[in-house]
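Asker: Take the sequence shown: its letter number 367 is residue 367 in the UniProt record's numbering, and every next letter is one higher.
Derived from the structure by calculation, the hints contain no laboratory data.
Only a predicted model underlies this, so the values are computations on that prediction, with no experimental measurement involved.
Any given hint could be a false lead.
Label pairs and their in silico Cβ distance ranges [claimed, not checked]:
| id | residue 1 | residue 2 | range |
| --- | --- | --- | --- |
| 1 | Ala491 | Leu429 | 18 to 26 Å |
| 2 | Arg444 | Asn542 | 37 to 45 Å |
| 3 | Ala527 | Ile562 | 21 to 29 Å |
| 4 | Asp123 | His49 | 55 to 63 Å |
| 5 | Ala527 | Thr886 | 54 to 62 Å |
| 6 | Asp123 | Lys337 | 50 to 58 Å |
| 7 | Ile173 | Thr204 | 17 to 25 Å |
27 Å max Cα-Cα, derived DSS-like pairs, lysine-lysine [to be verified]:
| id | residue 1 | residue 2 |
| --- | --- | --- |
| 8 | Lys151 | Lys135 |
| 9 | Lys269 | Lys337 |
| 10 | Lys64 | Lys151 |
| 11 | Lys541 | Lys441 |
| 12 | Lys468 | Lys441 |
| 13 | Lys632 | Lys748 |
We put the CB at the ideal spot given by N, CA and C, even for glycine.
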Amino acid sequence: MYRQFLVRDSDRKYQKILWFVNDEIREFVLNTVTFGVAAAPFLAIRCLHQLADDEQERFPLAAKILKRDMYVDNMLTGTNSVEEARSICTQMTQVLRTAGMNMRQWATNDPNILNDIESKNLDANFDLSNDNTLKTLGIRWRAKTDSFVYKIKPISVTERFTKRKILSEIAKIFDPLGLLGPIILFAKKIMQDIWKAKIDWDETVPNDIYYQWNEFCLQLSCLPDMSFNRHILTNDANEIQIHGFSDASETGYGACIYMRSKDTFGNYKITLICSKSRVAPVKTRSLPRLELCGAQLLANLYVHTIRSIRIQVDRTYFWCDSSITLHWINAAPPTLKTFVANRVADIQLKTEIHAWRHIRSEDNPADALSKGQLPNDFLNNEIWLHGPPWLQQNETEWPKSHIIGLTEIPEIKKAHCFVTKSDSYCAHLLKIIENQTSLMKLKRIFALCLRLPKKYRTNTKIRDMRIKDLQKAENAVIRLVQGSVFANDIASLKANKPLNEKSSLASLDPFIDEENILRVGGRIRKAIAPFSKRHPILLSKNNFFTDLIIQHYHTAHFHTGIQNTLYAIRENYWPIDGRNQIRKNIRKCTICFRANPQLCQYKMGDLPQVRVTQSRPFYNVGVDYCGPFFIKEKRYRNQKFIKIYVAILVCMTVKAIHIEVVEDLSTEGFIAALRRFVSRRGLPGTIYSDNGTNFRGAHNKLNELYELLNSQQLKINLDKFTNSNKIEWHFIPPHSPNFGGLWEISVKQFKHHFKRVAADKRFTLADFNTFSIEIEAILNSRPITRISSDINDLSAITPGHFLIGDSLKGLPEQNYTKIPDNRLSAWESMSKLKQQFWERWNKEYLNELNIRHNKSAAEPKLTKDLVVLIKEDNTPPMQWNMGIITDVHPGADKIIRVVTVRTKHGLKKRPTSKIAVLPIDDNLEKQETISKLKIN
Numbered sequence: 001m002y003r004q005f006l007v008r009d010s011d012r013k014y015q016k017i018l019w020f021v022n023d024e025i026r027e028f029v030l031n032t033v034t035f036g037v038a039a040a041p042f043l044a045i046r047c048l049h050q051l052a053d054d055e056q057e058r059f060p061l062a063a064k065i066l067k068r069d070m071y072v073d074n075m076l077t078g079t080n081s082v083e084e085a086r087s088i089c090t091q092m093t094q095v096l097r098t099a100g101m102n103m104r105q106w107a108t109n110d111p112n113i114l115n116d117i118e119s120k121n122l123d124a125n126f127d128l129s130n131d132n133t134l135k136t137l138g139i140r141w142r143a144k145t146d147s148f149v150y151k152i153k154p155i156s157v158t159e160r161f162t163k164r165k166i167l168s169e170i171a172k173i174f175d176p177l178g179l180l181g182p183i184i185l186f187a188k189k190i191m192q193d194i195w196k197a198k199i200d201w202d203e204t205v206p207n208d209i210y211y212q213w214n215e216f217c218l219q220l221s222c223l224p225d226m227s228f229n230r231h232i233l234t235n236d237a238n239e240i241q242i243h244g245f246s247d248a249s250e251t252g253y254g255a256c257i258y259m260r261s262k263d264t265f266g267n268y269k270i271t272l273i274c275s276k277s278r279v280a281p282v283k284t285r286s287l288p289r290l291e292l293c294g295a296q297l298l299a300n301l302y303v304h305t306i307r308s309i310r311i312q313v314d315r316t317y318f319w320c321d322s323s324i325t326l327h328w329i330n331a332a333p334p335t336l337k338t339f340v341a342n343r344v345a346d347i348q349l350k351t352e353i354h355a356w357r358h359i360r361s362e363d364n365p366a367d368a369l370s371k372g373q374l375p376n377d378f379l380n381n382e383i384w385l386h387g388p389p390w391l392q393q394n395e396t397e398w399p400k401s402h403i404i405g406l407t408e409i410p411e412i413k414k415a416h417c418f419v420t421k422s423d424s425y426c427a428h429l430l431k432i433i434e435n436q437t438s439l440m441k442l443k444r445i446f447a448l449c450l451r452l453p454k455k456y457r458t459n460t461k462i463r464d465m466r467i468k469d470l471q472k473a474e475n476a477v478i479r480l481v482q483g484s485v486f487a488n489d490i491a492s493l494k495a496n497k498p499l500n501e502k503s504s505l506a507s508l509d510p511f512i513d514e515e516n517i518l519r520v521g522g523r524i525r526k527a528i529a530p531f532s533k534r535h536p537i538l539l540s541k542n543n544f545f546t547d548l549i550i551q552h553y554h555t556a557h558f559h560t561g562i563q564n565t566l567y568a569i570r571e572n573y574w575p576i577d578g579r580n581q582i583r584k585n586i587r588k589c590t591i592c593f594r595a596n597p598q599l600c601q602y603k604m605g606d607l608p609q610v611r612v613t614q615s616r617p618f619y620n621v622g623v624d625y626c627g628p629f630f631i632k633e634k635r636y637r638n639q640k641f642i643k644i645y646v647a648i649l650v651c652m653t654v655k656a657i658h659i660e661v662v663e664d665l666s667t668e669g670f671i672a673a674l675r676r677f678v679s680r681r682g683l684p685g686t687i688y689s690d691n692g693t694n695f696r697g698a699h700n701k702l703n704e705l706y707e708l709l710n711s712q713q714l715k716i717n718l719d720k721f722t723n724s725n726k727i728e729w730h731f732i733p734p735h736s737p738n739f740g741g742l743w744e745i746s747v748k749q750f751k752h753h754f755k756r757v758a759a760d761k762r763f764t765l766a767d768f769n770t771f772s773i774e775i776e777a778i779l780n781s782r783p784i785t786r787i788s789s790d791i792n793d794l795s796a797i798t799p800g801h802f803l804i805g806d807s808l809k810g811l812p813e814q815n816y817t818k819i820p821d822n823r824l825s826a827w828e829s830m831s832k833l834k835q836q837f838w839e840r841w842n843k844e845y846l847n848e849l850n851i852r853h854n855k856s857a858a859e860p861k862l863t864k865d866l867v868v869l870i871k872e873d874n875t876p877p878m879q880w881n882m883g884i885i886t887d888v889h890p891g892a893d894k895i896i897r898v899v900t901v902r903t904k905h906g907l908k909k910r911p912t913s914k915i916a917v918l919p920i921d922d923n924l925e926k927q928e929t930i931s932k933l934k935i936n
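Let the sequences and hints guide you as you build the complete structure.
Answerer: See below:
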């Protein structure tokens, strides 16, 4: 068969052989599937299956046989009618011929079928007229009687037996169906005893084992040919049943299966199908455990048998003579110890519990299978072939199956029950209530607890939750909570005593209803309203159950306010101090907080050193861009408009402003603006600017500017420029415009003047530059100290006072403020005037900077693992990202002003002014919120 299947061309190079031709080595490539190749059996069978798929429509019977009853190149199949058998022969011959294969060595138990087959295709050793047997797949079949035949070759008896010799002889007894199960187990037990003796392979076995093996060999040689009917059912069979038996002993355990069928005349036929046995483990196990192993072996054998015979079975019975094992099988696996529980669970999975029955040991055919038998005893075993005699009778005449009651079942787990008495009122149940975050979940838990006793009393399954079950659970919770909070008031009411005057319930005239629930009596008993509204249920304040009620109604009414939530609750409940309790819970509602988040507010931080230290103007500078602005290329009409930008540089010390017009957003244009600034104002020591991400999400007009400030080329050129000129460049944190307020306000002031004067005008570049410098002069003339209303006082200091007359590269000067004017030269007079400006800067301007304008701002405590919202500009609060603080960054004043937050988009560093802390106090609620974030 292999040589009829071609191998793919690309794979043939792996099938090469060397051949001698005229003393010359030749190389040949094998084109077909080759014997000995690991994949050869699979390829052959796969091709047969493909042939069946291709010819399914033309040869349906043959296609079925090819997939089901082919064992490599052997076919073993059968049918209940001669006509169908002939069709199988015809179709198999034709379908295999289409693939270039010829079916040979046919054999059958019907002579009519043989006449249809050519003599050359019949088995050469087959003759239906005699008792000859055919051997296929290791099993002998006698066609004349349609039975399997076991011919065991006698074992020669010698004076010396070794372990190697005995194992070799046992392996020669081939019994795949286990029809000789008791004999096989006896031989297996001898082999196990040899292993226990711990002898070598070629060492003579001990005398006791020798005598056992010698007796076994002598009886085996006298064993006649054993035959077993192949056909296991009666003709026109009905009421087909399977009966499985299991047993165990100290020697081993086993299982056997029988088929019981009934013909049209009411006669029963019981046939042994198969059996399986194993010797008991060397490690000693209790007999009940071995019995359980036998039952598990029966369950596995049953599953394999049902899958193999493909016969519709009406009923199945499993028989066992161990009461303990049957009790285990009917028990719940969790109540059993591990060894027993695992095997019981496997048995219950593969068989029906109600199918297991008890049988007497003398009627159990598996008894011989568990103990093993010598050949002579096996021949005298009457129930092995056909099972117990009563299987031939009607079921009404079978012995009654009674499982013996046991006072104590072994291998049962001991349940430890600790009964404690608490002085508090059901403290453990209150703890359960306290740990819940949902009213509906709490009611379902208590509903299940209330229904469990009923389930175990009636042994019924719990159905879906009903409304009345949830109502009973809610009443139970209310009674529990009221009993723990209003214990004294309830005791007084039950004793018909007045309430204490100091009781919070005194003004409500409470009473206890039929459900033992405390309700408001009030003054509207005669009102035409529902009972629950006239007499609402009393709820205590500052109680976790009251909080669950408030949260439930607040959420159910779409997060309504205090007044509407209180109105909805009072339809059924009366919470003490309800308005304040609702206000407290609404403040904790994360949904409401996200709709109106409260950002963190800190007091103003200390000014940086560069703001409060004397230095020449523009030594410490902040820079920012604004624009774009549109100008004309030339002065003529209908000229093309081009975009330009304005770079604003602010002195960090005296607030002086320098404006540079930038023609484009190129790196060169930005560096050129810096060069012009340095040339006119002197070389700065430090430059501060926004982080580029400040422009993310801004208007489309800033996209180009954003790309410039974030471009790698700009950073490289800036590094070269600043390094060569020994300038330090600092960036403020992302999304933190409050860190750069000095230049932000300067940009705002420039736009203020520009929009009011020249919003609709279109300048040329020269005109725009002139106008910008004029605005620069105006801004540098604004006072930086208070303007006095006294005419005798000096004029206010402006940034211009520090700019006029100062050299761009000024040398150190002596102190002229104490020298009379008539002793100074003109140059010295100019220096004295400038020094007087600095004295006023120290006395007037610097002192004003000492005032904090948000001194009342509370300082929130930001720590790690807090769940927060991150403010996103131009985004509604409900769409702000949530995150967890992973790190805090205190400033020089030890106040936290920047935090690192982990969100589902990664780590982000933000100022505290962009952070809102979610009001989550409960750890369980925090974990639920974190799980919703899906932050890993």
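Asker: Which numbered hints turn out to be false for this structure?
Answerer: 2, 4, 9 and 10
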